[in-house]
Amino acid sequence: MTPPPPPRPDLAPDAHLERAEMEAMQREIAAAAVFEDDFSFDPATLGNPLGTASSGTETPLVAGVDQSFLTNEAGDQDRALSAVVAMRGGEVIERVHAVTSLEIPYVPGLLAFREGGPILAALEELSCDPDLLLFDGSGRIHFRQAGIATHVGVVLDVPSVGVAKSLLCGEPRGDTENLSPGTHVPIEANSRVDADEGTLLGYAVQTRQYDSPDRSINPLYVSPGHRVGPETAADAAAALATTYKLPEPVRLADSYADEAKREYTR
DNA sequence: GCGACAG
DNA sequence: ATCTTGTCGC
Numbered sequence: 001m002t003p004p005p006p007p008r009p010d011l012a013p014d015a016h017l018e019r020a021e022m023e024a025m026q027r028e029i030a031a032a033a034v035f036e037d038d039f040s041f042d043p044a045t046l047g048n049p050l051g052t053a054s055s056g057t058e059t060p061l062v063a064g065v066d067q068s069f070l071t072n073e074a075g076d077q078d079r080a081l082s083a084v085v086a087m088r089g090g091e092v093i094e095r096v097h098a099v100t101s102l103e104i105p106y107v108p109g110l111l112a113f114r115e116g117g118p119i120l121a122a123l124e125e126l127s128c129d130p131d132l133l134l135f136d137g138s139g140r141i142h143f144r145q146a147g148i149a150t151h152v153g154v155v156l157d158v159p160s161v162g163v164a165k166s167l168l169c170g171e172p173r174g175d176t177e178n179l180s181p182g183t184h185v186p187i188e189a190n191s192r193v194d195a196d197e198g199t200l201l202g203y204a205v206q207t208r209q210y211d212s213p214d215r216s217i218n219p220l221y222v223s224p225g226h227r228v229g230p231e232t233a234a235d236a237a238a239a240l241a242t243t244y245k246l247p248e249p250v251r252l253a254d255s256y257a258d259e260a261k262r263e264y265t266r
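Counting along the first sequence from 1, when you hit position 177 you're at 177 in the working numbering, and nothing is skipped either side.
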């Protein structure tokens, strides 16, 4: 048996670090991360309606996390609003959000240092404790294999998955245009990634697709955050995307972030 | 110098 | 991420 990885509050994203220090911390995060299944719930029941699973294990509690930003009188984005929607068996169990001041601008590869603080603040407001966290952004598909899903997952030691709408880095192992729904294509490490060339980082997952060849829906780029393997990450995203392209927890967190934002705009 | 670049 | 109405198509 592998020893249970402990939470790592010492690796919480600090927006005041220098860039080199942030990158060094990400290498630590990647080293501490577990990119394989290491959880107790039954992933096969993630998409189940509700109630107790037939096997006796309870349907997993999944939380989606997303952010919206508040603008200042001057016109600058000075605050982040992080929203969390917890669901079980397709039903919303709890919704919470937190508003914190923004410290740094968006920099590709350093997203966790901009949004990690707000996210941790929102998750502290949650009274339930999720079996799985879904983030809007990358996990292992990251220059240093430490995207926001991996970073937050390691800090809290909670299984997590990264769900991005566009590819940050890595190379699809095949065509990702006009994929059929239910299809997935491997994303491998390339020269831009701090990993052996060809390492499986995640999958391009096609959850929805139009029938007509006229237009097409782009796939999601799903990768392990922490304590989840690439296949399980892709399966979970697909199983939770019941009605729309995005997994329901993430989609609802997205709309809730906008909804809650209005309450501050007035 | 050039290209790439989650949200 | 954000600014934003209507509009094309099933």
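Don't read these hints as lab results, they were simulated from the structure. Hints are not guaranteed to be accurate.
[To be verified] Think about it this way: if two alpha-carbon atoms lie no more than 30 angstroms apart in a straight line, the pair counts; the simulated DSS-like pairs of lysine-lysine are:
1. Lys165 x Lys245
2. Lys165 x Lys261
3. Lys245 x Lys261
[To be verified] Okay, the calculated beta carbon distance ranges per label pair:
4. Pro172 x Asp78: 33 to 39 angstroms
5. Thr243 x Asn178: 26 to 32 angstroms
6. Thr71 x Pro3: 44 to 50 angstroms
7. Gly198 x Tyr106: 37 to 43 angstroms
8. Asp194 x Asn72: 34 to 40 angstroms
9. Glu36 x Asn72: 27 to 33 angstroms
10. Asp214 x Ala31: 28 to 34 angstroms
11. Pro6 x Ile217: 19 to 25 angstroms
12. Ile104 x Leu126: 37 to 43 angstroms
13. Ala74 x Val107: 19 to 25 angstroms
14. Ala74 x Leu126: 22 to 28 angstroms
15. Thr2 x Arg266: 40 to 46 angstroms
Just so you know, even glycine gets a beta-carbon here, dropped at the ideal spot from N, CA and C.
Here's how the hints hold up against the structure:
no.	hint	result
1	Lys165 x Lys245	10 angstroms, holds
2	Lys165 x Lys261	22 angstroms, holds
3	Lys245 x Lys261	23 angstroms, holds
4	Pro172 x Asp78: 33 to 39 angstroms	37 angstroms, holds
5	Thr243 x Asn178: 26 to 32 angstroms	21 angstroms, violated
6	Thr71 x Pro3: 44 to 50 angstroms	46 angstroms, holds
7	Gly198 x Tyr106: 37 to 43 angstroms	30 angstroms, violated
8	Asp194 x Asn72: 34 to 40 angstroms	36 angstroms, holds
9	Glu36 x Asn72: 27 to 33 angstroms	43 angstroms, violated
10	Asp214 x Ala31: 28 to 34 angstroms	46 angstroms, violated
11	Pro6 x Ile217: 19 to 25 angstroms	40 angstroms, violated
12	Ile104 x Leu126: 37 to 43 angstroms	25 angstroms, violated
13	Ala74 x Val107: 19 to 25 angstroms	21 angstroms, holds
14	Ala74 x Leu126: 22 to 28 angstroms	32 angstroms, violated
15	Thr2 x Arg266: 40 to 46 angstroms	51 angstroms, violated
The structure fails hints 5, 7, 9, 10, 11, 12, 14 and 15 (numbered hints given earlier, in ascending order).
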